[in-house]
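Please build the complete structure, drawing on both the sequences and the hints.
Next come the chains, spelled out residue by residue.
Protein chains: 2
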Amino acid sequence: MYREQIKVLDCTIRDGGLINNHYFTDEFVRGVYKALSKSGIDYMEFGYRSSRELFPPEEFGAWKYCDDDKIREVIDGVESELKISIMVDAYRVKEQHFAPADESPVDMIRVATYVKYIDSAIELINKCRDLGYETTCNIMAISKEREPDLVESLKQLAKAPVDIVYVVDSFGALFCEQIEYLVKLYKEHLPGKTLGVHCHNNQQLAFSNTIEGIIHDANFVDGSLYGIGRGPGNCCLELLVGFLKNPKFNIKPILKVLQDYLIPMRKEIEWGYLIPYMITGILNEHPRAAIAKRKGPDKDKYAQFYEEISEALD
Amino acid sequence: MYREQIKVLDCTIRDGGLINNHYFTDEFVRGVYKALSKSGIDYMEFGYRSSRELFPPEEFGAWKYCDDDKIREVIDGVESELKISIMVDAYRVKEQHFAPADESPVDMIRVATYVKYIDSAIELINKCRDLGYETTCNIMAISKEREPDLVESLKQLAKAPVDIVYVVDSFGALFCEQIEYLVKLYKEHLPGKTLGVHCHNNQQLAFSNTIEGIIHDANFVDGSLYGIGRGPGNCCLELLVGFLKNPKFNIKPILKVLQDYLIPMRKEIEWGYLIPYMITGILNEHPRAAIAKRKGPDKDKYAQFYEEISEALD
Chain A
0 MYREQIKVLD CTIRDGGLIN NHYFTDEFVR GVYKALSKSG IDYMEFGYRS SRELFPPEEF
60 GAWKYCDDDK IREVIDGVES ELKISIMVDA YRVKEQHFAP ADESPVDMIR VATYVKYIDS
120 AIELINKCRD LGYETTCNIM AISKEREPDL VESLKQLAKA PVDIVYVVDS FGALFCEQIE
180 YLVKLYKEHL PGKTLGVHCH NNQQLAFSNT IEGIIHDANF VDGSLYGIGR GPGNCCLELL
240 VGFLKNPKFN IKPILKVLQD YLIPMRKEIE WGYLIPYMIT GILNEHPRAA IAKRKGPDKD
300 KYAQFYEEIS EALD
Chain B
0 MYREQIKVLD CTIRDGGLIN NHYFTDEFVR GVYKALSKSG IDYMEFGYRS SRELFPPEEF
60 GAWKYCDDDK IREVIDGVES ELKISIMVDA YRVKEQHFAP ADESPVDMIR VATYVKYIDS
120 AIELINKCRD LGYETTCNIM AISKEREPDL VESLKQLAKA PVDIVYVVDS FGALFCEQIE
180 YLVKLYKEHL PGKTLGVHCH NNQQLAFSNT IEGIIHDANF VDGSLYGIGR GPGNCCLELL
240 VGFLKNPKFN IKPILKVLQD YLIPMRKEIE WGYLIPYMIT GILNEHPRAA IAKRKGPDKD
300 KYAQFYEEIS EALD
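Protein sequence lines, in the order shown, are assigned to chains A and B. Going by numbering that gives the first Met the number 0, 181 is the number at position 182 of the first sequence; the sequence numbering is gapless. Going by numbering that gives the first Met the number 0, 214 is the number at position 215 of the second sequence; the sequence numbering is gapless.
Just so you know, the hints here were simulated from the structure itself, not pulled from any lab data. From a predicted model like this one, the values you see are computed outputs, not experimental measurements. One or more hints might be untrue.
Since copy identity is lost for identical chains, a pair holds within one copy or between any two.
[Said to hold, decoys possible] Straight line, CA to CA, 30 Å or less: simulated BS3-like cross-link-like pairs of lysine-lysine:
(1) 298 / 33
(2) 266 / 126
(3) 37 / 115
(4) 6 / 300
(5) 154 / 192
(6) 69 / 251
(7) 298 / 37
(8) 33 / 300
(9) 298 / 126
(10) 298 / 244
(11) 251 / 266
(12) 143 / 251
(13) 255 / 126
(14) 154 / 69
(15) 126 / 154
(16) 247 / 33
(17) 37 / 300
(18) 183 / 244
(19) 143 / 247
(20) 298 / 247
Take a look at the structure:
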């Protein structure tokens with residue numbers, strides 16, 4: 000697939016940080032930054048710009064806050080055209096500071112929201128846009144939303160100064176035909192906006208659903224190295240780069256960072272296709288029960304877990 | 000997805016046997032047989048009916064030969080409506096014996112072939128059909144075949160007494176649009192035949208490509224428990240059963256056999272999404288170089304492996 004407009008965003012540090020409370024070493028983050036720079040990836044997401052009042056610094060690593068100075072420290076001296084994004088939860092904004100974009104290493108602010116917080120999201124988008132940032136709106140958990148409510152949000156976003164709106168399959172529950180349906184729905188209600196897709200891998204569909212999004216004109220796609228991310232993780236960046244034929248992409252630095260960092264890391268922290276996440280995916284549920292199950296002695300009692308979850312839904 | 004005609008074939012023992020020279024214990028094979036019987040799966044493939052002249056018995060386990068008596072011994076006393084299939088390579092037929100179907104526990108013989116051996120495949124299909132077996136033809140490695148040659152084979156098969164013809168993505172190289180193209184091509188040239196899909200998971204596309212096949216009217220789909228199979232393995236049976244809405248399917252016995260057998264087994268023998276298989280997949284190559292690489296000290300030197308393979312292709 001070659002389409003010049005397609006932009007690839009790597010969310011290794013941001014979504015991966017949800018597994019380890021954002022305690023990645025500077026060496027690792029810098030290593031990823033260097034590799035992505037050499038690979039021609041378009042954006043790298045470093046983490047969240049979270050409130051220290053809501054999330055006390057003694058419990059989280061630096062990438063929960065993504066201070067401009069911290070980002071500068073880690074990327075210092077690396078030759079790169081990689082743009083930098085951070086994510087903010089629209090419903091957890093408190094005292095966080097945002098410098099004007101031209102005084103910050105950050106290029107793009109991605110606003111994550113649920114449908115019910117769309118007004119807060121738009122308020123934050125307006126603020127970030129006024130400061131000169133590129134903006135996205137990532138509407139989460141849409142596999143659980145009622146369509147009229149979702150459409151109402153899209154209509155509000157159509158009038159907002161947001162550059163990109165993402166279809167986010169938070170629960171890894173969607174099949175290709177549902178991705179097609181949603182991307183077309185977004186396109187219908189968001190004339191002139193760029194669309195993105197962010198997929199989770201509960202059912203090993205993150206990559207194929209991302210392709211499905213691309214087929215139906217989504218031009219922003221998220222991936223992460225070896226799929227790292229909370230629970231089942233994301234679309235694998237290496238697969239995306241293998242698929243996209245834009246000659247600016249180079250898979251070799253990605254393969255190198257996989258062997259140097261991600262494979263050893265996978266032995267220490269867990270993510271990927273694991274049966275409890277598959278179960279929450281097929282049942283269209285938040286992975287939190289599966290995450291809890293994986294931390295206990297019954298982590299491989301799948302039949303029991305399936306019964307617990309499906310009984311709770313009956 | 001609910002379509003009554005869809006039949007699910009489990010190839011755990013057959014394709015999984017390619018990893019360990021078919022040395023599965025009777026206990027495991029019987030455990031799988033019981034679980035699949037309870038889950039409403041349609042067919043279970045036990046292995047190959049291979050020639051003992053070509054493959055000496057001191058090097059392989061029982062499931063390389065699948066003698067009728069051996070199958071009977073393992074399934075004895077289990078209440079089941081599960082049909083039984085075995086596979087035969089069309090180009091490796093020697094002295095193997097096939098009893099008449101009504102004297103055998105086997106219901107279906109699946110004939111694996113390359114395009115160039117299609118005449119041998121049809122000869123074997125004729126023989127098996129005359130003995131009363133259901134038959135399939137699984138044309139392998141089609142991502143490398145020239146289309147006129149493939150079409151020629153399909154035209155021959157259209158006239159043969161074969162029940163089902165499979166689209167087989169041997170190298171895990173195909174994307175959804177290519178699966179769609181091939182299934183439609185098969186449909187055009189095989190009027191009245193049932194189509195099947197057998198996908199490999201090099202690029203985490205085995206499940207989504209199987210769904211793609213189903214969307215375009217393939218009614219025989221292959222899966223294996225936790226995707227077990229040579230190299231990257233197959234479409235996960237548990238995902239298929241989560242997707243298919245026919246109420247005859249029950250996922251719970253499958254989850255139980257995963258936790259009891261497959262998860263412990265995965266610690267002893269290796270299969271699944273691993274970067275060397277991803278690399279052979281994106282390059283549309285046989286996985287043999289990746290399999291060899293995974294057995295040596297450089298098994299995680301991905302960048303080097305990519306260079307070796309892509310240089311050999313230049």
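Results of checking the hints against the structure:
For the identical chains of this complex, residue 298 and residue 33 are inter-copy neighbours only, at 24 Å across copies versus 36 Å inside a copy, given an alpha-carbon limit of 30 Å. Taking identical chains as interchangeable, the C-alpha atoms of residue 266 and residue 126 are never at most 30 Å apart, the minima being 41 Å within one chain and 51 Å between chains. Taking identical chains as interchangeable, the C-alpha atoms of residue 37 and residue 115 are never at most 30 Å apart, the minima being 40 Å within one chain and 43 Å between chains. Taking CA atoms no more than 30 Å apart as the test, residue 6 paired with residue 300 passes between copies only; the shortest distance there is 28 Å, against 40 Å inside one copy.
In this homomeric assembly, residue 154 and residue 192 come within 30 Å of each other (Cα to Cα) only inside a single copy, at 12 Å, whereas the closest approach across copies is 48 Å. Taking the shortest Cα distances, residue 69 and residue 251 sit within 30 Å of each other inside one copy (28 Å), while across copies they are farther apart (48 Å). In this homomeric assembly, residue 298 and residue 37 come within 30 Å of each other (Cα to Cα) only across copies, at 24 Å, whereas the closest approach inside a single copy is 39 Å. In the homo-oligomer, the alpha carbons of residue 33 and residue 300 lie at most 30 Å apart only across protomers (19 Å), although the nearest pairing inside one protomer, at 41 Å, exceeds that limit.
Within a single copy, residue 298 and residue 126 get their C-alpha atoms no closer than 44 Å, and across copies no closer than 49 Å, so neither meets the 30 Å cut-off. Taking the shortest alpha-carbon separations for residue 298 and residue 244, only the inter-copy value of 27 Å comes in at or below 30 Å, while the best intra-copy value is 40 Å. Taking identical chains as interchangeable, the C-alpha atoms of residue 251 and residue 266 lie at most 30 Å apart whether they share a chain (22 Å) or sit on different chains (29 Å). Only between protomers do residue 143 and residue 251 lie at most 30 Å apart by alpha-carbon distance; the minimum there is 24 Å, versus 39 Å within a single protomer.
In this assembly of identical chains, the alpha carbons of residue 255 and residue 126 never lie at most 30 Å apart, being 39 Å within a copy and 52 Å across copies at closest. When the C-alpha separation of residue 154 and residue 69 is checked against a cutoff of 30 Å, the pair qualifies neither within a copy, at 37 Å, nor between copies, at 65 Å. Taking the shortest Cα distances, residue 126 and residue 154 sit within 30 Å of each other inside one copy (19 Å), while across copies they are farther apart (64 Å). Taking the shortest alpha-carbon separations for residue 247 and residue 33, only the intra-copy value of 16 Å comes in at or below 30 Å, while the best inter-copy value is 52 Å.
Taking identical chains as interchangeable, the C-alpha atoms of residue 37 and residue 300 lie at most 30 Å apart only when they sit on different chains, with a minimum of 18 Å there against 43 Å within one chain. For the homomeric pair residue 183 and residue 244, the shortest alpha-carbon distances inside one copy (24 Å) and between copies (25 Å) are both at most 30 Å. Proximity of residue 143 to residue 247 under the C-alpha cut-off of 30 Å is restricted to the inter-copy arrangement: shortest distance 27 Å between copies versus 37 Å within a copy. For a Cα distance limit of 30 Å, the shortest separation of residue 298 from residue 247 across copies, 28 Å, qualifies, whereas the shortest one inside one copy, 42 Å, does not.
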